[in-house]
Amino acid sequence: MADQIVAIGDVDTHAESHQTAVIDSVGRRLATAAFPTTPDDCCRLLDWMSLHADVLALGVEGTGAYGGELTRFLRASKVTVGDIDRPDRKARQANGGGRQRCGLHRVCTRVRSLRLGSPSGPGPGRR
Numbered sequence: 575m576a577d578q579i580v581a582i583g584d585v586d587t588h589a590e591s592h593q594t595a596v597i598d599s600v601g602r603r604l605a606t607a608a609f610p611t612t613p614d615d616c617c618r619l620l621d622w623m624s625l626h627a628d629v630l631a632l633g634v635e636g637t638g639a640y641g642g643e644l645t646r647f648l649r650a651s652k653v654t655v656g657d658i659d660r661p662d663r664k665a666r667q668a669n670g671g672g673r674q675r676c677g678l679h680r681v682c683t684r685v686r687s688l689r690l691g692s693p694s695g696p697g698p699g700r701r
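According to the numbering used here, the stretch in the sequence shown is residues 575 to 701, in order.
I should point out that these hints are in silico values taken from the structure, not numbers from a laboratory.
Be aware that one or more of the hints could be misleading.
Claimed, not checked - Simulated restraints on C-beta separations:
hint, residue 1, residue 2, range
1, 628, 589, 27 to 35 Å
2, 600, 646, 27 to 35 Å
3, 628, 606, 15 to 23 Å
4, 650, 600, 28 to 36 Å
5, 650, 602, 28 to 36 Å
6, 598, 621, 12 to 20 Å
7, 654, 604, 12 to 20 Å
8, 628, 590, 26 to 34 Å
9, 646, 622, 13 to 21 Å
10, 659, 589, 12 to 20 Å
11, 630, 607, 15 to 23 Å
12, 654, 605, 17 to 25 Å
13, 646, 590, 15 to 23 Å
Glycine is no exception: its CB is placed at the ideal position from the N, C-alpha and C atoms.
With these hints in hand, go ahead and build the complete structure from the sequences.
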């Protein structure tokens, strides 16, 4: 299956877990899962995504904060990572979308504009 489907990944980062989605080239959600934020689980997250598709790039919310460690791991694993801005909460609520719906929309509409810079900021625990 991974040989036939090309996709992008989205990671919504938090202090205790990362919510992850695999999105195909036409915007369909192939799978979602949550992973703890431990170093071992960074590896599990990438392995899980690879089971569903050949992942071209990952959009990570908060590459310099809660997603910093994951971003460094992914880049060391030769995965293209882009920083995705956190969605505006008021706009999300006005459009009737929850966090998951907003995350999928964000990935599908913003994948072309991923900022492919390095993680920035102090990261969690170093503020």
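Hint check results:
1. 628 <-> 589: 27 to 35 Å: holds (30 Å)
2. 600 <-> 646: 27 to 35 Å: Check passed, 31 Å falls within 27 to 35 Å.
3. 628 <-> 606: 15 to 23 Å: Since residue 628 and residue 606 have Cβ atoms about 18 Å apart, the given range 15 to 23 Å holds.
4. 650 <-> 600: 28 to 36 Å: holds (30 Å)
5. 650 <-> 602: 28 to 36 Å: The hint (28 to 36 Å, Cβ to Cβ) holds, given that residue 650 and residue 602 are roughly 29 Å apart.
6. 598 <-> 621: 12 to 20 Å: Hint holds: Cβ distance 19 Å, inside 12 to 20 Å.
7. 654 <-> 604: 12 to 20 Å: holds (18 Å)
8. 628 <-> 590: 26 to 34 Å: This hint holds: roughly 29 Å between Cβ atoms.
9. 646 <-> 622: 13 to 21 Å: With Cβ atoms ~19 Å apart, the hint holds.
10. 659 <-> 589: 12 to 20 Å: Taking Cβ atoms as reference, residue 659 and residue 589 lie about 19 Å apart, which means the hint holds.
11. 630 <-> 607: 15 to 23 Å: This hint holds: roughly 19 Å between Cβ atoms.
12. 654 <-> 605: 17 to 25 Å: holds (19 Å)
13. 646 <-> 590: 15 to 23 Å: holds (19 Å)
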